[in-house]
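Number of protein chains: 2
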Amino acid sequence: MSVQPTEKVYIEILKQIKAIIVEDGLQAGDKLPSERELSDRLKVGRSSVREALRSLELLGLIETRRGEGTFIREATGHRLVEVLASFILNDNKARHDLQETRHIVIKDCVELAVRRAESATISKLGNLIEQMDTNEQEQVHKACKQFEKIVIQACGNHLLYRLYVELTGYGSSLQRANSYWSQAFCEEVLTLLQQKDAVKLTSLLSKQNDALNAIE
Amino acid sequence: MSVQPTEKVYIEILKQIKAIIVEDGLQAGDKLPSERELSDRLKVGRSSVREALRSLELLGLIETRRGEGTFIREATGHRLVEVLASFILNDNKARHDLQETRHIVIKDCVELAVRRAESATISKLGNLIEQMDTNEQEQVHKACKQFEKIVIQACGNHLLYRLYVELTGYGSSLQRANSYWSQAFCEEVLTLLQQKDAVKLTSLLSKQNDALNAIE
DNA sequence: AATTAGGAGGTGGTCAGACCACTAATATTG
DNA sequence: CAATATTAGTGGTCTGACCACCTCCTAATT
Chain A
1 MSVQPTEKVY IEILKQIKAI IVEDGLQAGD KLPSERELSD RLKVGRSSVR EALRSLELLG
61 LIETRRGEGT FIREATGHRL VEVLASFILN DNKARHDLQE TRHIVIKDCV ELAVRRAESA
121 TISKLGNLIE QMDTNEQEQV HKACKQFEKI VIQACGNHLL YRLYVELTGY GSSLQRANSY
181 WSQAFCEEVL TLLQQKDAVK LTSLLSKQND ALNAIE
Chain B
1 MSVQPTEKVY IEILKQIKAI IVEDGLQAGD KLPSERELSD RLKVGRSSVR EALRSLELLG
61 LIETRRGEGT FIREATGHRL VEVLASFILN DNKARHDLQE TRHIVIKDCV ELAVRRAESA
121 TISKLGNLIE QMDTNEQEQV HKACKQFEKI VIQACGNHLL YRLYVELTGY GSSLQRANSY
181 WSQAFCEEVL TLLQQKDAVK LTSLLSKQND ALNAIE
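Each protein sequence line maps, in turn, to chains A and B. Numbering-wise, the first sequence is residues 1 to 216 according to UniProt numbering. Numbering-wise, the second sequence is residues 1 to 216 according to UniProt numbering.
Derived by calculation from the structure, the hints in this document are not laboratory data. Honestly, I wouldn't trust all of these hints.
Anything over 12 Å on all C-beta distances counts as not near chain B; from chain A, calculated [claimed, not checked]:
| id | residue |
| --- | --- |
| 1 | LYS31 |
| 2 | LEU42 |
| 3 | GLN99 |
| 4 | ALA120 |
| 5 | ILE129 |
| 6 | GLU138 |
| 7 | VAL140 |
| 8 | GLN146 |
| 9 | TYR161 |
| 10 | LYS200 |
Straight-line alpha carbon distances no greater than 25 Å define the calculated DSS-like cross-link-like pairs of lysine-lysine that follow [claimed, not checked]:
| id | chain 1 | residue 1 | chain 2 | residue 2 |
| --- | --- | --- | --- | --- |
| 11 | B | LYS31 | A | LYS200 |
| 12 | A | LYS31 | B | LYS196 |
| 13 | A | LYS8 | B | LYS31 |
| 14 | B | LYS207 | A | LYS15 |
| 15 | A | LYS207 | B | LYS8 |
| 16 | A | LYS31 | B | LYS31 |
| 17 | A | LYS93 | A | LYS8 |
| 18 | B | LYS200 | A | LYS107 |
| 19 | A | LYS93 | B | LYS149 |
| 20 | A | LYS145 | A | LYS107 |
| 21 | B | LYS107 | A | LYS149 |
| 22 | B | LYS200 | A | LYS196 |
| 23 | A | LYS107 | B | LYS93 |
| 24 | A | LYS200 | B | LYS93 |
| 25 | B | LYS207 | A | LYS93 |
| 26 | A | LYS145 | A | LYS196 |
| 27 | B | LYS124 | A | LYS107 |
| 28 | B | LYS207 | A | LYS196 |
| 29 | A | LYS107 | B | LYS207 |
| 30 | B | LYS124 | B | LYS196 |
| 31 | B | LYS8 | A | LYS107 |
The structure displayed is predicted, hence computed values, not measured ones. Note that beta-carbon positions come from the ideal geometry of N, C-alpha and C, so glycine has one too.
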């Protein structure tokens, strides 16, 4: 239990901020105390408070609006993806790992979703499929993305969903766009979800995964 | 109706820092220019430079050593999951998500490992099993943890491995300790790895997972 | 009285300068 | 030559000062 020479102040502040969030029961959208108030309450310089807040902002956990204040964000990637991607993914190995991990996480989400998806979700997916009956490519594409997202969310595990978001975000800032699901693929997925056929769903996903790997 | 023109300085600095890394061809382990030099070169205040650096540090992209300087880190997620999780995991639902995600990631790693593990790795695992032939509980426990880690790493996907580390690391800071593999479990896993029996391995893991879920 | 223009105060954004603690390279000393 | 003291450089932190922007309240205008 080494007491490592006092943690950096801004790390300590991160913990304190979290404590404040918990104590005051703050939710997404709520306002955090102002930088000056935090500086006061925590007995630290405002610059240290700012270092902590800026970190959280880059992680996408908070949002700051000049003249208004600092607010807790709905959990989304924000810049995290951009930054990490541009700094990390320099070698091909890392990129491959990223793609592979993304596919694996998607597979996991779908496998959970097939067990947990409620009928309301299923019918919502059905509606999306119907919306694809159009010639406007743009709209079809949008519906497919939406479809994919809803399926992933249906896994009922928020952390896993977040991982998907992050992993997808990275990819989008790379040269090669992430592969989204096609209309035909969405339809297959919906059918299998309705039938709660986990086995076929798994093989469907790994087939797609293998196909993508083959390209490289 | 503001035009949202000038990007925040510290965001701009992030880009500049990246440019410097690329220009100077800096690698992991190399030293970045000092805060004061960056402040000078980029014509911005040192505090702004620090806000940018602190963000990168929390993301695990750089490492700062007082009295020495700022260094580029090996590319890893580092605190990513930890911080995300600690700010998101306020309720029991989130904790359950964490445990579930951890088990899923482990399962994924093992499923990859069964296809990719090299014979050298397998024999190393065999040695660990032999080391467990002792009465010292402490040593057995240590060997089991080591066994688990090696198996996970054998997945050959560094990102996935990092996720495991972080999910496990964070969990250990919660009240309930993470469940590690027992000696018997390790032996079963080794046998199936040797036989490359992916199917049985999968069912073995989900069985354990279900058992843990039942406890709650 | 209702509307509008203006101001006051709060908030984040940024900067400059000042210390401190620590490290490593240098100079000094024995 | 080796051990030690000095010094320059670095990150860590705080303070105080502006600026730009937003919100809300007040007071003047209509």
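The hints, checked one at a time:
1. No Cβ of chain B approaches the Cβ of LYS31(A) within 12 Å, the least distance being about 16 Å, so the stated non-interface status holds.
2. Every beta carbon of chain B lies more than 12 Å from that of LEU42(A), the smallest distance being close to 16 Å; the non-interface claim holds.
3. With 12 Å as the threshold on Cβ separation, the claim that GLN99(A) sits away from chain B is violated: the shortest Cβ distance comes to roughly 10 Å.
4. At the 12 Å boundary, the C-beta of ALA120(A) stays outside the reach of chain B, the nearest C-beta of that chain being 19 Å off.
5. No beta-carbon of chain B is positioned within 12 Å of the beta-carbon of ILE129(A); the least distance is around 28 Å.
6. For GLU138(A), the shortest C-beta to C-beta distance to chain B comes to about 25 Å, beyond the 12 Å cut-off, and the non-interface label holds.
7. With a minimum CB-CB distance of about 31 Å to chain B, VAL140(A) clears the 12 Å threshold, and the non-interface call stands.
8. Distance to chain B confirms GLN146(A) as a non-interface residue, since its nearest Cβ pair spans about 23 Å, more than 12 Å.
9. The beta carbon of TYR161(A) is not kept farther than 12 Å from every beta carbon of chain B, the shortest such distance being approximately 9 Å.
10. With a closest Cβ-Cβ approach of about 16 Å to chain B, LYS200(A) is found to remain outside the 12 Å limit, as its non-interface label requires.
11. Restraint check for LYS31(B) and LYS200(A): not satisfied, since their Cα atoms lie roughly 51 Å apart, outside the 25 Å limit.
12. With a CA separation close to 54 Å, the supplied pair LYS31(A) and LYS196(B) exceeds the 25 Å bound.
13. The straight-line distance between the Cα atoms of LYS8(A) and LYS31(B) is roughly 20 Å, inside the 25 Å bound, and the hint therefore holds.
14. A threshold of 25 Å between alpha carbons decides the hint, and for LYS207(B) with LYS15(A) the separation of about 37 Å lies outside it, so the pair is violated.
15. Between LYS207(A) and LYS8(B), the direct Cα distance comes to roughly 44 Å. Violation of the 25 Å bound is thereby established for this hinted pair.
16. For the hint linking LYS31(A) to LYS31(B), the alpha-carbon distance of about 38 Å lies beyond 25 Å, and the restraint is violated.
17. Proposed proximity of LYS93(A) and LYS8(A) is contradicted: the alpha carbons are some 33 Å apart, above 25 Å.
18. For the proposed pair LYS200(B) and LYS107(A), the alpha carbon gap of about 19 Å is at most 25 Å, so the pair holds.
19. For a cut-off of 25 Å, the pair hint linking LYS93(A) to LYS149(B) stands: about 21 Å separates their Cα positions.
20. Pair hint LYS145(A) plus LYS107(A) holds up; C-alpha atoms about 16 Å apart against a cutoff of 25 Å.
21. With a C-alpha separation of about 23 Å, the suggested pairing of LYS107(B) with LYS149(A) holds against the 25 Å cut-off.
22. The suggested pairing of LYS200(B) with LYS196(A) holds, with an alpha-carbon distance near 22 Å, which does not exceed 25 Å.
23. Taken as a hint, the LYS107(A) and LYS93(B) pair is honoured in the structure, with Cα atoms around 22 Å apart against an allowance of 25 Å.
24. With a CA separation close to 29 Å, the supplied pair LYS200(A) and LYS93(B) exceeds the 25 Å bound.
25. At most 25 Å may separate the alpha-carbon atoms for a hinted pair to count; LYS207(B) and LYS93(A) exceed this at roughly 33 Å.
26. For the suggested pair LYS145(A) and LYS196(A), the alpha carbons sit about 22 Å apart, so the restraint of at most 25 Å is met.
27. Annotation: proposed proximity of LYS124(B) to LYS107(A) is violated, straight-line Cα distance about 31 Å (limit 25 Å).
28. Only pairs whose Cα atoms come within 25 Å are accepted, and LYS207(B) paired with LYS196(A) is accepted, the gap being roughly 20 Å.
29. A C-alpha spacing of about 19 Å is found between LYS107(A) and LYS207(B), which places the hinted pair at or below 25 Å, so the restraint holds.
30. Restraint check: the Cα-Cα separation between LYS124(B) and LYS196(B) comes to about 16 Å, which is no more than 25 Å; the hinted pair holds.
31. At most 25 Å may separate the alpha-carbon atoms for a hinted pair to count; LYS8(B) and LYS107(A) exceed this at roughly 38 Å.
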